[in-house]
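Trainee: Residue numbers (our numbering), protein chains in the order written: chain A, 153 to 500; chain B, 153 to 500; chain C, 955 to 1277; chain D, 955 to 1277.
Just to be clear, a hint being listed does not mean it is correct.
As the list claims (entries may be wrong) - Below are the DSBU-like pairs computed for lysine-lysine, each with C-alpha atoms no more than 35 Å apart in a straight line:
id, chain 1, residue 1, chain 2, residue 2
1, D, Lys1046, B, Lys327
2, A, Lys326, A, Lys159
3, D, Lys1223, D, Lys1148
4, B, Lys472, D, Lys1046
5, C, Lys1095, B, Lys191
6, A, Lys191, D, Lys1095
7, D, Lys1223, B, Lys191
8, C, Lys977, C, Lys1229
9, D, Lys1208, A, Lys259
10, D, Lys1148, D, Lys1212
11, D, Lys1148, D, Lys1229
12, D, Lys1095, C, Lys1212
13, D, Lys1212, D, Lys1046
What the hints contain is simulated information worked out from the structure, not anything from laboratory work.
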Amino acid sequence: MGTSVLKSLNDGLHQIMGDDERVVVMGEDLLDPYGGAFKVTRGLSTKYPGRVWTTPISEAGFVGVASGMAIRGLRPVVEIMFGDFLMLAADQLVNHAAKFRWMYGDKVDVPLVVRAPMGGRRGYGPTHSQTLEKHFLGVPGLAVVAIHPLVEPGELLRRAVLEDRRPLLFIENKKMYARSLRRAVNGQIGPMEVFSNDAVYPTMTLAFGGLVGGDVTIVAYGGMVEIAVAAAERLLIEDEIYAEVVVPTELQPFDVQPVADSVRRTGRLVTCEEASRAAGFGAEVSARVCDESFDALRAAPVRVAAHPVPIANAPTLEQKLLPDIEDVVSAVRMAIERPDSSIRAGVG
Amino acid sequence: MGTSVLKSLNDGLHQIMGDDERVVVMGEDLLDPYGGAFKVTRGLSTKYPGRVWTTPISEAGFVGVASGMAIRGLRPVVEIMFGDFLMLAADQLVNHAAKFRWMYGDKVDVPLVVRAPMGGRRGYGPTHSQTLEKHFLGVPGLAVVAIHPLVEPGELLRRAVLEDRRPLLFIENKKMYARSLRRAVNGQIGPMEVFSNDAVYPTMTLAFGGLVGGDVTIVAYGGMVEIAVAAAERLLIEDEIYAEVVVPTELQPFDVQPVADSVRRTGRLVTCEEASRAAGFGAEVSARVCDESFDALRAAPVRVAAHPVPIANAPTLEQKLLPDIEDVVSAVRMAIERPDSSIRAGVG
Amino acid sequence: MERLHEPGPEERFLQTPGSRREKLYRQMRLIRRFEERLLRQFDEGDVSGTTHACIGQEADAVGVINHLRRGDVVFSNHRCHGHFLAFSDEPKLLAAEVLGRRSGVVGGRGGSQHICWESFYSNGIQGGIVPVSVGMALAEKFSGRQAMATVFLGDGTFGEGVIYEAFNMASLWSAPILFVVENNRWAQSTPVEKELAGDMVARATSFDIEAGQIASTDAEELYDHFQPLVAGVRESGRPRLEVIDTYRLCHHSKSDDKRPRQEVEEHRKDDPLPKLRARLDDSAAETIDEEVEERIEAAFSWALEQPMANDEELVDPLVEAAP
Amino acid sequence: MERLHEPGPEERFLQTPGSRREKLYRQMRLIRRFEERLLRQFDEGDVSGTTHACIGQEADAVGVINHLRRGDVVFSNHRCHGHFLAFSDEPKLLAAEVLGRRSGVVGGRGGSQHICWESFYSNGIQGGIVPVSVGMALAEKFSGRQAMATVFLGDGTFGEGVIYEAFNMASLWSAPILFVVENNRWAQSTPVEKELAGDMVARATSFDIEAGQIASTDAEELYDHFQPLVAGVRESGRPRLEVIDTYRLCHHSKSDDKRPRQEVEEHRKDDPLPKLRARLDDSAAETIDEEVEERIEAAFSWALEQPMANDEELVDPLVEAAP
Ligand SMILES: Cc1ncc(C[n+]2csc(CCOP(=O)(O)OP(=O)(O)O)c2C)c(N)n1
Ligand SMILES: Cc1ncc(C[n+]2csc(CCOP(=O)(O)OP(=O)(O)O)c2C)c(N)n1
Ligand SMILES: [Mg+2]
Ligand SMILES: [Mg+2]
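Given these sequences and hints, build the entire structure.
Mentor: As structure tokens, this is what we get:
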């Protein structure tokens, strides 16, 4: 058993607070012995008593407080207990934190990190299971990072808190907390070779036997990464389909290059997200891939996503409406079965 | 001078209130003689005194109040003074109004209409000029309609208020209020022939000389419609490029068919929106067009959008950062100059 | 809107045979045993996610809701089992819901935090239900119906700004609504001193809303206390806020209690159930206990036999409700 | 953070020669004439969008801000010209900003509703600035600096729930912040009776925030009134709210005044400028008027000569500030 995502985040926070006195942590129910709803902040209030602010249930208010602190020189890390409650802080993020720097003529920085645990599969029902970051993509001035087990989450958090001057949404996934990190061993993660673009928030590319070209590119982030990797392994075994899995960490601004490069090798694209399909991350990825490597696309991209309904409480229903390995596998089959338009005749 | 968009909406509201006593109107500064910031509600409080509720400055609160009213049988029409303030009501829309029906086992309807004037070009600066509806696309259960001068806005509002049982964002455009409706005369709007798909919220297709095939499909909604039509006219004159302009009215759920049909005729797609590009409506349209008619696309779609910065107050800067006719014209030229991938050889 | 179940809570309460004391005890016993059974099912792995019991606070539900009439709106929050059972007397539907069955109150879609049954509603976002309830109260009044609304909120929920927006509008527009604050002195793991500055009653009165406070876990006392308050809202057509000082004897949500052990133990002496039971004669109490046991057993065994929620088709509500 | 301009408002005020009365009048005159000139430029088509003048409320700005020190934070709202000029004494920068010039306070990006100059900030969303200011106050305290924060809000802004979230946290966490409420009895076109139930001072005290109210447009009186209040916040490290009952003698934003003519006229007798000018001797007043006239003329003619804002390149702030 390796380090869990939860431990990595918790260790990371301990170190970040130890390294920089400007770092303060803020959110609901953070104090020990409780230590936060998902225990990401456990131990912090004991070790750094004056720097952990347990808050009233005031998501808009404390995101606002934190962004004021950020402007005046602190490095606040805010926890939104369930990412669903981010909607309460939408105005503070969109009309305050994200705008300040540019509209104030670049005179201020707002180094604010807002951590938000997203995602379902834990039976928490319609208001505690959503994957809402898509609604915060494309806000000028607001960065969005989503962790996954392939890159040390604690290290990503350190970069976000200490090295990044931008207001930043840091998306975690509740189901992922208990998962072990999947560190590369000899450049491999399981049967796949893994490549990083070495960005501050790296994009990882996984491929069977190197970047030698495959049948399809699967893009997945956050909670869908594990599912995509499992689907890739299954596709190889069951269908002899070679998939490359590309895992972006920074969703906004989004560097399409690693995806476009992969599509140049594979000609086909499947995107995966846990949210519902419409106007989501997959749409943006598809559009950007079209921008960059349309000529390499042999068939239309396929988007894997949730059904467009609230996340049900009943586990059977929840499971049915959220995308899973089977959905990714089918999407890849569909992408591959689509007629190869690179050999079609002219149209129109 | 024909009827203005503003007059159509105001007349529409008068009639809707006259026709159905369940309709109540709610928002900031609605009472006569002021009659609302943009005068859309002018005269209503005089004519229907008990049914116009001027509110405190409480966007979340009164959207919540209205959604409670909707569940209990009224037909509330809420005005958000500037669409920018919708962010304050995000939780009420996403986690309350939009969810109620499905999560309550289809036991309730929430026939709530929230009108939001969006858009810039009036010098109102960073917090009063945004086009934020993209952040509300893809919310399960929430419909989004955007008016434009090609379809009577007052009639669209009537359908939204009286015929639609869904919570619905009704997007207006501040700059458009003063514009005249552009009604078809003999099936023509200016030099273009106009076709409707006859949906409740119709999609309009404009083309020179009928749907006989053209060089490019331009998709534009809301405040970009006029700009797209002007660009199409200029492209014909300056470049002899024949554009079809497709104007969706309902953005969510989005019926891609008319766009896909047009792309089948033209092979090229340009999308236009006033918001910044990332994760916007254009991305969704592109992805949907790929779903439906990828084989007909001869080149990558091009998205026209704003620069990813807040909307500046200074008119020179504002003009520079928002998309205009010139930007649409360039995008079309770019789309047309892109190598025709339908005649390319195989890839990979 | 749906056809209404007959009769409403007040009528049902009055029509039920037995002394008032017995009836209040029976309801509380039903709530208590429902939740204890639910927690057992939880431990057996039949409940997914989490669940918020109201053990220790049952007297609030029966003290307030028994004064409500058919068509009156109740909006509750995450801790809604007691409110729902007092309102509906439908343990079967609630059991099926929390067990994720198709025959649950809302077909398993909501779980107990997100249900709707006649004019009873709940939602799991703190605070947001308060303006919605104000709107419901206003709609009832506007439509000329005689109904009023009641919304339940906790001390912690006083952190959410939207409730003050709702207070302001309720007061300005004279909404017939009763705000019932269950002050159990904790919000999840946070004691009230760390979350709340000043005073809840003063907050309400500063919006020109009449408000009061009662420290009690005595169902009879609360029943008497709320009778005129409910009548007052109905007659005046004005909002009212009432704080009940109470205590939660269980965890916040399934198994997350870090409150000082001693504090919890001290509050056991205020447990509303033994308090009221002591006033009944033993055989009456025993009869009730047995009767409740049977209902709970019946509800859960029925619920456990129901098919799991798994709608044949997941239809997009936007498409389904489109004009 | 930026290097600070020297000296702060208080120091500058004390160092300026002349009587206190003269100095207050000079500042108010500067604000008044600045806005009158701005409205003229507006009518001449030089200002795009809209603009919110504070004509009639100048005494608030000078009464409060002259007690603030270098590094103290001020957060203002849509109606910020007076606050900004009292804080910065920089009419040129503000003129250039509202005229959309590159040399404006924030290069024309913000317009007066959205500016930042040293520790002065403004934003155009009602309410949201209040928690941000609380955070700023807490950061100053946390960092061991002696600074405090002042945030200006209007009566209408009491509709926004987030201000109560901010009050609660300011009180719980002892933020050194002064909430200055400019109660001009109207929010845009809405009279205070239609927007505000109850009482603003009581709302604050219900969060255990000391609060008071003063009805005055007398700059000297306000200056005296706020001196101990500012000192109190600084010394106690606790929040304080103070309501100033005042009146706006101009439209809400450019040309949208539908208030009863008579009501407005009646309030002209409370115009803070003639009120204070009457206490000066005539020649001193005339000298000040001329001096201000020159500064305003200089500011606007300078501003009108500046190049329009039109950044050579529109850089994505996410890319520019990326690590
Ligand atoms: C907007 C929002 N923030 C946070 C939560 C998580 N949460 C659920 S219950 C709760 C505590 C509520 O405390 P209180 O209002 O006192 O009610 P109690 O649980 O004591 O009955 C919290 C923080 C939530 N459901 N919604
Ligand atoms: C969130 C939000 N809602 C609405 C507005 C539009 N608006 C600008 S000023 C104003 C009135 C503010 O009234 P008040 O707080 O009394 O300040 P005053 O204008 O009287 O100085 C309104 C409604 C806004 N800017 N922000
Ligand atoms: Mg509580
Ligand atoms: Mg005012």
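Trainee: Against this structure, judge whether each hint is valid.
Mentor: Verification of the hints:
1. D:Lys1046 - B:Lys327: Given pair D:Lys1046, B:Lys327 holds - Cα atoms ~31 Å apart, limit 35 Å.
2. A:Lys326 - A:Lys159: Holds, at roughly 13 Å.
3. D:Lys1223 - D:Lys1148: 25 Å, holds
4. B:Lys472 - D:Lys1046: Answer holds: B:Lys472 to D:Lys1046 is near 25 Å, not above 35 Å.
5. C:Lys1095 - B:Lys191: 28 Å, holds
6. A:Lys191 - D:Lys1095: Within the cut-off at roughly 28 Å; holds.
7. D:Lys1223 - B:Lys191: 32 Å, holds
8. C:Lys977 - C:Lys1229: 14 Å, holds
9. D:Lys1208 - A:Lys259: 28 Å, holds
10. D:Lys1148 - D:Lys1212: 15 Å, holds
11. D:Lys1148 - D:Lys1229: 30 Å, holds
12. D:Lys1095 - C:Lys1212: This hinted pair holds, its Cα atoms lying about 31 Å apart.
13. D:Lys1212 - D:Lys1046: 32 Å, holds
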